[in-house]
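A.B. asks: The listed protein sequences derive, respectively, from chains A and B.
Reminder that position 221 of the first sequence reads as 221 in the working numbering, one-by-one numbering, no gaps.
Numbers given in the working numbering equal positions in the second sequence, counted from 1, plus 359.
No farther apart than 25 angstroms at their CA atoms in a straight line, the calculated lysine to aspartate or glutamate pairs in the DMTMM-like style are these:
(1) A:342 <-> B:423
(2) B:432 <-> B:446
(3) A:342 <-> B:588
Hints were generated in silico from the structure; no laboratory data involved.
For reference, the chains in residue letters:
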Amino acid sequence: MQGPLIDTLVRQGIGRRTFLKYCATLASMMALPPAAGRAMADALAAARRPSVIWLPFQECTGCTESMTRSHSPTIEGMIFDMISLDYHETLMAAAGQQAEEALHAAMKENSGKYLLIVDGSIPLGIDGAYSCIAGRTNVDLLKEAAAGAAAIVAMGTCAAFGGIPKAKPNPTGAVAVSDIVKDKPIVNVPGCPPIPVVMTGVLAHYLTFGSLPELDDKLRPTAFYGETIHDRCYRRPFYDQGKFAKTFDDEGARKGWCLFELGCKGPVTHNACATTKWNGGTSWPVESGHGCLGCSEPDFWDAGGFYKALSMPADPLKMGAAAAVAGAAAGVAVSFANRGKKRAAQVTHETTTLADLEK
Amino acid sequence: MTATLERGLHALKEVIDAPIASYFSSCVHCGLCAEACLFYTETGDPRYTPIHKLEPLRRVYEQEYTLLGRLKKGLGLSKPVTDAELDAWQDLVYDSCTMCGRCSLVCPVGNDIVYMVRKLREGMAASGHVPDGIRNATRRTVEIGGPMGLKWPAVANVIRKVEEATGLKVPVDQAGADYLVLLSSMEIVNYPEYIEALAKIFHKAGISFTVASDAFEATNAGIQIGNSDLAKVIVSRIVDAAERLKVKRVLSPECGHAYMAIRWEGPNLIGRPYAFEVVHVLELLDELRGKGMLKMKSKIKDPLILHDPCQIVRRGGVLQAPEPLIQEVAERYIPIADKQKWNWCCGGGGGASAIHTEEAEALRAKAFQVKKRQIESTGVNTMVTFCANCRIVIEEGFDHYQMDTRLLGLTELLAEHLEE
Numbered sequence: 001m002q003g004p005l006i007d008t009l010v011r012q013g014i015g016r017r018t019f020l021k022y023c024a025t026l027a028s029m030m031a032l033p034p035a036a037g038r039a040m041a042d043a044l045a046a047a048r049r050p051s052v053i054w055l056p057f058q059e060c061t062g063c064t065e066s067m068t069r070s071h072s073p074t075i076e077g078m079i080f081d082m083i084s085l086d087y088h089e090t091l092m093a094a095a096g097q098q099a100e101e102a103l104h105a106a107m108k109e110n111s112g113k114y115l116l117i118v119d120g121s122i123p124l125g126i127d128g129a130y131s132c133i134a135g136r137t138n139v140d141l142l143k144e145a146a147a148g149a150a151a152i153v154a155m156g157t158c159a160a161f162g163g164i165p166k167a168k169p170n171p172t173g174a175v176a177v178s179d180i181v182k183d184k185p186i187v188n189v190p191g192c193p194p195i196p197v198v199m200t201g202v203l204a205h206y207l208t209f210g211s212l213p214e215l216d217d218k219l220r221p222t223a224f225y226g227e228t229i230h231d232r233c234y235r236r237p238f239y240d241q242g243k244f245a246k247t248f249d250d251e252g253a254r255k256g257w258c259l260f261e262l263g264c265k266g267p268v269t270h271n272a273c274a275t276t277k278w279n280g281g282t283s284w285p286v287e288s289g290h291g292c293l294g295c296s297e298p299d300f301w302d303a304g305g306f307y308k309a310l311s312m313p314a315d316p317l318k319m320g321a322a323a324a325v326a327g328a329a330a331g332v333a334v335s336f337a338n339r340g341k342k343r344a345a346q347v348t349h350e351t352t353t354l355a356d357l358e359k
Numbered sequence: 360m361t362a363t364l365e366r367g368l369h370a371l372k373e374v375i376d377a378p379i380a381s382y383f384s385s386c387v388h389c390g391l392c393a394e395a396c397l398f399y400t401e402t403g404d405p406r407y408t409p410i411h412k413l414e415p416l417r418r419v420y421e422q423e424y425t426l427l428g429r430l431k432k433g434l435g436l437s438k439p440v441t442d443a444e445l446d447a448w449q450d451l452v453y454d455s456c457t458m459c460g461r462c463s464l465v466c467p468v469g470n471d472i473v474y475m476v477r478k479l480r481e482g483m484a485a486s487g488h489v490p491d492g493i494r495n496a497t498r499r500t501v502e503i504g505g506p507m508g509l510k511w512p513a514v515a516n517v518i519r520k521v522e523e524a525t526g527l528k529v530p531v532d533q534a535g536a537d538y539l540v541l542l543s544s545m546e547i548v549n550y551p552e553y554i555e556a557l558a559k560i561f562h563k564a565g566i567s568f569t570v571a572s573d574a575f576e577a578t579n580a581g582i583q584i585g586n587s588d589l590a591k592v593i594v595s596r597i598v599d600a601a602e603r604l605k606v607k608r609v610l611s612p613e614c615g616h617a618y619m620a621i622r623w624e625g626p627n628l629i630g631r632p633y634a635f636e637v638v639h640v641l642e643l644l645d646e647l648r649g650k651g652m653l654k655m656k657s658k659i660k661d662p663l664i665l666h667d668p669c670q671i672v673r674r675g676g677v678l679q680a681p682e683p684l685i686q687e688v689a690e691r692y693i694p695i696a697d698k699q700k701w702n703w704c705c706g707g708g709g710g711a712s713a714i715h716t717e718e719a720e721a722l723r724a725k726a727f728q729v730k731k732r733q734i735e736s737t738g739v740n741t742m743v744t745f746c747a748n749c750r751i752v753i754e755e756g757f758d759h760y761q762m763d764t765r766l767l768g769l770t771e772l773l774a775e776h777l778e779e
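Make a model of the complete structure from these sequences and hints.
C.D. replies: Spelled out as structure tokens, the structure:
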């Protein structure tokens, strides 16, 4: 399957016209000027298969599932198929020594040019021993692979921010890719799992312009993560009107009112679910009647409960401790005041005589 | 003429302490104390709920010693304790509370309600809201020497008669004796047999004892009225005499509150431990019984029940002595349902028996119904007790209800059947 990407796509039954439309859509999604769609199509069509090494660490394979297991073949899936995926444990046929050889061969041949995709967090506890591949720790593998990479894509919330492995009490000492690799361009594509089109968007941009797309302060492509779920949510008008579902089976829920009070994290979650939707544009969590969990934000697992409204304190226990301290301090102060008062009463005691019993 | 509301409130501020604070804070308003109080069970009037009797004390505590209470007081939102209120409370704190401690026993959070009543009485006494009967008893005790106004010559006269009746010597003011024997006026006047019994038992056991001419009275009306200054004056007489005569032990008479006063309140009143030991007469008798020195020549045949005086058994802690002693002398001792620490009060303890207003006497008679039921349910004709005050109150109850029950004193009963 060598040769330009367009040839492969045509063999798969995807016409040039369809491909151009896809590129135009992709370009508009990424807020690029209309002409960029054509440039992108040209670049992508002519592109040689870029070498991609995919390293899975502490993960659940959900990110890979998201990319590859769309229920019908998609252009994203196909583009993904077309890249030269030189190492991906879950997908590759090779195993054991052969697999490791493939990895090292790819790293050597494409040194400085390959794209490194990482999914899963990296455990640092007990010297990284929580997760090893071929006898080597994840952190060791990452450092080696990162050294020769042109850029790194941290796929999914685990690789981008530590994700669920990093949730309290973080038993493995899990960290994100960006916590370890400091000298390479990194693109975070968070989400649990991330949206497939974001992946191809990043790839397309890299292949077309030879650079990574514009990133926000959390290294996420602003084209997809520039706005919150809430900004683009189709239920937003209900929020603005103050119409909220109070339970999952009340009238408000049936009428599709805002899920804010049921714990929707949309207002603080930057992701593209509300516009791209999932499963080929079928639906997305809020459309199915459930609030956003905030999966593309750091530490979403510890944000105080999926069903707790954002307006409620995320960690009331800390306030409880503070209140206890304040209460104890007030108690001590009152007790000192009381002791003083009682001592004053005792000092001014007048000994009672019989005469004092008479009114 | 110096008892004022200010002095009363000042006294309450003085006596409120950590236990009081924790008791009021932990009360869960369950009302179990009501069911434990004979004044409630016999009248059904919720006014007599023990914890309710402490309302003025609770408010002073809240307004003076709690953060919220002080804020409310500062903002003028709290209801101050007034003279009129204390006056209205007098019958709850004196007439209808014998400080029997059954409420303290049942309290699920462990509040010692009697402890609080005792403290509230400090404020009641200092503000002048005390029944005349108790005030007069206190006056007589402080001025003359005993609540009934007995002076030593009269006591000496009774002792002489005891010596004549028993043919035994009753030593007076004899230094170095083992025991200083205290008496209660009630015994001297109404039950001189008690003194005879003691003389016989001491003689039999070969124990030396003495009576002090300046400290024969064991009762302490200062505690009943609720004034620690006067109570201290009264208890100091005994302490001074006992330490002057260098006795090893001071023997409390049967009288319940006298035992509580000398044994439990005394050291706190004078602020130091005694140089002697205080024992209740039943404790001594049980000790002698254990040593085999209390042999009976005969036993009483009639079936009988025991009335355990509150201040000796429930509050005083003399829990194990009475039953073995009564079994020593009674052939058919019948244990009652609410016995020992669960016994119901006679209705006249804690100074109540000194209150002779019409209402107080009517209330006492009503409260006595519980005792009447106890006796009737067992079907016996004889009751034995060991407190002179209980005896007076129970006799009054028998009289009121025209019961033909016989009431005996335990020490006398033992002495009567003692082996010659």
